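Please model the complete structure; the sequences and the hints are all you need to start from.
Those sequence lines, one after another, are chains F and Y.
Under my numbering, the first residue of the first sequence is numbered 1, with each subsequent residue one higher.
Under my numbering, the first residue of the second sequence is numbered 1, with each subsequent residue one higher.
In short, the hints are calculated from the structure, not lab data.
A quick note: this is a predicted structure, and the numbers were derived from the prediction, not measured.
There could be a bad hint or two in this list.
[As the list claims (entries may be wrong)] Calculated lysine-lysine pairs in the DSSO-like style (CA-CA distance at most 27 Å, straight line):
#1 F/Lys-158 / Y/Lys-45
#2 Y/Lys-47 / F/Lys-158
#3 F/Lys-193 / Y/Lys-24
#4 F/Lys-259 / F/Lys-82
#5 F/Lys-26 / Y/Lys-439
#6 Y/Lys-47 / F/Lys-145
#7 Y/Lys-337 / F/Lys-26
#8 Y/Lys-74 / F/Lys-115
#9 Y/Lys-24 / F/Lys-26
#10 F/Lys-284 / Y/Lys-47
#11 Y/Lys-24 / Y/Lys-74
#12 Y/Lys-242 / F/Lys-115
#13 Y/Lys-439 / Y/Lys-288
#14 Y/Lys-154 / Y/Lys-45
#15 Y/Lys-242 / Y/Lys-267
#16 F/Lys-158 / F/Lys-82
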Amino acid sequence: MTTLQARHPKSKRGGVVRWFMQVGWKHLLALVVIAYATFPLVYILSTSLTDMGGIENFTLFGQFYTKNYTDLLTSPDYPFLKWMTNTVTLAGITAIISVFISALAAFAFSRLRFKGRRPGLLALILIQMFPSILGLTAVYGILSKLTDYVPAIGLGTKAGLILVYLGGSLGGGTYLMYGFFNTVPRELDEAAKIDGATHTQIYFQIILRLVAPVLAVMALLSFIGTFGDYVLASIVFNTTDQYTVAVGLNLLLADPWSKNWAMFAAGAVMSSLPIVVLFVSLQKYITNGLTGGAVKG
Amino acid sequence: MRKRNKNFELYSGGTPSLRGTLAKIFILGLVDAGVGFVLMILFGKEKYGFAIFLGLVTLLVNWIYLRRGGLPAKYLAPGVMLLIAFQVYVVIFSGYISFTNYGALHNGSYAEALDAIQQSAVEPIEGAAEYEIKVVKAADGAVLFLGLDLNTNKTFIGGEDYAKHPWREITTADGLVVDGSGYPTSLSGVTFLTDDQIVDVDPGVTTMKIPLGPNLDTDGFIATADAFFAQQNRFSYIYDEKNKSMTRLIDNKVFPADDSSGFFENKDGEVLSEIGWQVRVGWSNYKKIFGDPDLRGPLSGIILWTFLFAFFSVFSTFVLGLTLALIFNDERIRGLKIYRAIFILPYAFPAFLSAYVWRGMFNTEDGFINRSILGFMGSEHRIPWLEQQGPARAAVLLTNLWLGFPYMFLICTGALQAIPNDLTEAAGIDGASPWKIVKLIKLPLLLVSLAPLLIASFAYNFNNFGAVYLLTGGGPFLNPTLKVNAGATDILITFVYRIAFSGSQGADYGLASAFSVLIFILIGSISFFSFKRTKGLEELTQ
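Here's what the structure looks like:
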């Protein structure tokens, strides 16, 4: 550990004060920040364990009932497990494919030189600025046309919605990954080339392996993004069985607003837990993934 | 030019592995087989235009992957195709829609509107016969009505296709069997449907119209509401194809099709039906945005708040995230990793859930914030968080701060760690105070590298639909005198969303699309010019 503490053992009073002035206060501050960052989460966890049903939860962990969880898991009106499966399928497939396709495009932008590369990159960023929520009419139009032509990827199908998600996620993903590919030294490519590697071998066996942690982070971020989508999923699906967690939990909260609040809380806890665990365990890579691309040290 | 050649050599050549080649052929084959299958369906449905388009795209894909060279296309093709289908097309489509009156009242083509108007207005022919009916199926599969005229006790039969099954009287000579009271019980050549079978008739017995003569429009038709009784009906409006006009039978008024308003409308401005069709309206949606006093009033306030909201969201999250990153970028702190992991929890929690949770906590009467946090601090006063403009806006910003600061903390931490240590150490040796090191060395370096992300964050928040809509729905709606529904926390995107999809005002996709084009141009150019001033675009355009 730190040389500082070795030089100023805490047994001396001056050392403690000095330690507090330099490091100790940061622990206190950390506690305040932790309280701020987690109180809504603690609140919803505690609410999910009450038995009142409404939002009247004034003391944290004053009660401890699992009724909301069992209610939600067994409710015939709100097939929560089905929603979870739907959401995980949708978000999982979207994450994997979008990362794969973005990585392909990012390789082209980072390593190959071709006409339209620069405008292409710029267009990629700018097209993301279109308020996609307002493109809903167009998206709905495309899907209902597809329903006529190829029902398997039309309205009410997961495949159709995945296609829409893919179209929306490519720009941002490609741009972030492009930055990250740039940090992989070109000399590696050259060395591989001397060994007789083709471009596909360079791409799959060298670059992709090197950036694997970033790919995982991109996949996770894409997963969370899709997981949180309410609007698109709500126009594509129209039976309760097809709903995603976002649409389903919204149904739970539908009027009167706070009637099923505690049940919603249980749903929120159950659906977010896997993501939170994944996220925290990948935390180190996430920092790199977000900054490595855009920020060059 | 030299660079390009070198590059070309770097990624060309080499010996493709057998496995790689096989994989490529396998995947292409799979794609081609899938498309072939879809093409067969399309030809079956006679959708030739789309089939040819799909075929050409598939040929292009095969060409890209089978030819030598053309590397960029090989890597870009899947992404570009999806992007064109679901993003570029959406932008172009919205651009087109913004010049039309597309909306709830103008939903489809002229032919569709025509059909819908006629179907919507049906009236019984006065004094005409009423029937008790049986639903039967003919040998050719057509569904027919077998009707007993309740006044004359004569029996009739007929189907929707007048040429094959005209409405005609039948007697026992035709194989009809009736019971004692004259009700038909069987008829040779047809089967009587059971109740279950009647329910299964597609698209539905109650939508069937059995023509009384060769011309459905003028001759009238038989229709039933319950599959037991049927009446002779006629359309209330008769369409004149030559003059493209509708005649209302009740008063014989003529309503010509007006291709500038998209309605059947007569000279007095009277509209035949609320149902219209889609027509091009030129710049009128855009003119409405800039000229309509009903819109202009609330709009200026909304635009101002949108900018404030986006700016304060970026500013507050950045300041908090940066401060925390600076303080906690200190390896001497024990348990630093755990602290960091907990700090970013709000980022890991799905955003839509966060918005709902905060909405519950902001509840004035029973919310956790008023009752527990403020109550704990000894305040009896309940803040009407989501009920008045000031508190509601504060609530939106507070929620967005909580949602956004972990992201800023993450990227600031990453950027700080990328600053070479020797730089700050050298300054320390030169006697610079820690604060000076931050101010003079770290901050400028950070701002340079983070500027593109801050711009992107501004653009994101400018259109941050979820943060507002899921928390307040754009509300509270405090001014009932407004002709458009504008709430106190509405940002542009939530306001326009309501125009586009809300039921109460009647969805107006044309107007909403004009808005989205303008928002796109606005935020696109703001981002473009700010990128241009930062390192981000320099790197991009090198």
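Outcome of the hint check:
Our distance criterion of 27 Å between C-alpha atoms is met by F/Lys-158 and Y/Lys-45, whose separation comes to about 23 Å. Of the pairs offered as hints, the one joining Y/Lys-47 and F/Lys-158 holds, with about 24 Å between alpha carbons and a cut-off of 27 Å not exceeded. About 21 Å separates the Cα atoms of F/Lys-193 and Y/Lys-24, which keeps this hinted pair within 27 Å; it holds. A C-alpha spacing of about 22 Å is found between F/Lys-259 and F/Lys-82, which places the hinted pair at or below 27 Å, so the restraint holds.
With a C-alpha separation of about 20 Å, the suggested pairing of F/Lys-26 with Y/Lys-439 holds against the 27 Å cut-off. For a cut-off of 27 Å, the pair hint linking Y/Lys-47 to F/Lys-145 stands: about 11 Å separates their Cα positions. Restraint check: the Cα-Cα separation between Y/Lys-337 and F/Lys-26 comes to about 14 Å, which is no more than 27 Å; the hinted pair holds. For the hint linking Y/Lys-74 to F/Lys-115, the alpha-carbon distance of about 14 Å falls within 27 Å, and the restraint holds.
Under the criterion of a C-alpha separation no larger than 27 Å, the hint pairing Y/Lys-24 with F/Lys-26 is inconsistent with the structure, at around 56 Å. Restraint check for F/Lys-284 and Y/Lys-47: the C-alpha separation of about 52 Å exceeds 27 Å, so the hint is violated. Taking the CA atoms of Y/Lys-24 and Y/Lys-74, the gap is near 11 Å; set against the 27 Å cutoff, the hint holds. Annotation: proposed proximity of Y/Lys-242 to F/Lys-115 is violated, straight-line Cα distance about 54 Å (limit 27 Å).
For the hint linking Y/Lys-439 to Y/Lys-288, the alpha-carbon distance of about 49 Å lies beyond 27 Å, and the restraint is violated. For the proposed pair Y/Lys-154 and Y/Lys-45, the alpha carbon gap of about 42 Å is over 27 Å, so the pair is violated. Restraint check for Y/Lys-242 and Y/Lys-267: the C-alpha separation of about 19 Å stays at or below 27 Å, so the hint holds. Between F/Lys-158 and F/Lys-82 the CA atoms are separated by roughly 13 Å; this keeps the pair inside 27 Å, and the hint holds.
In this structure, the earlier hints numbered 9, 10, 12, 13, 14 are contradicted, and the remaining ones agree with it.
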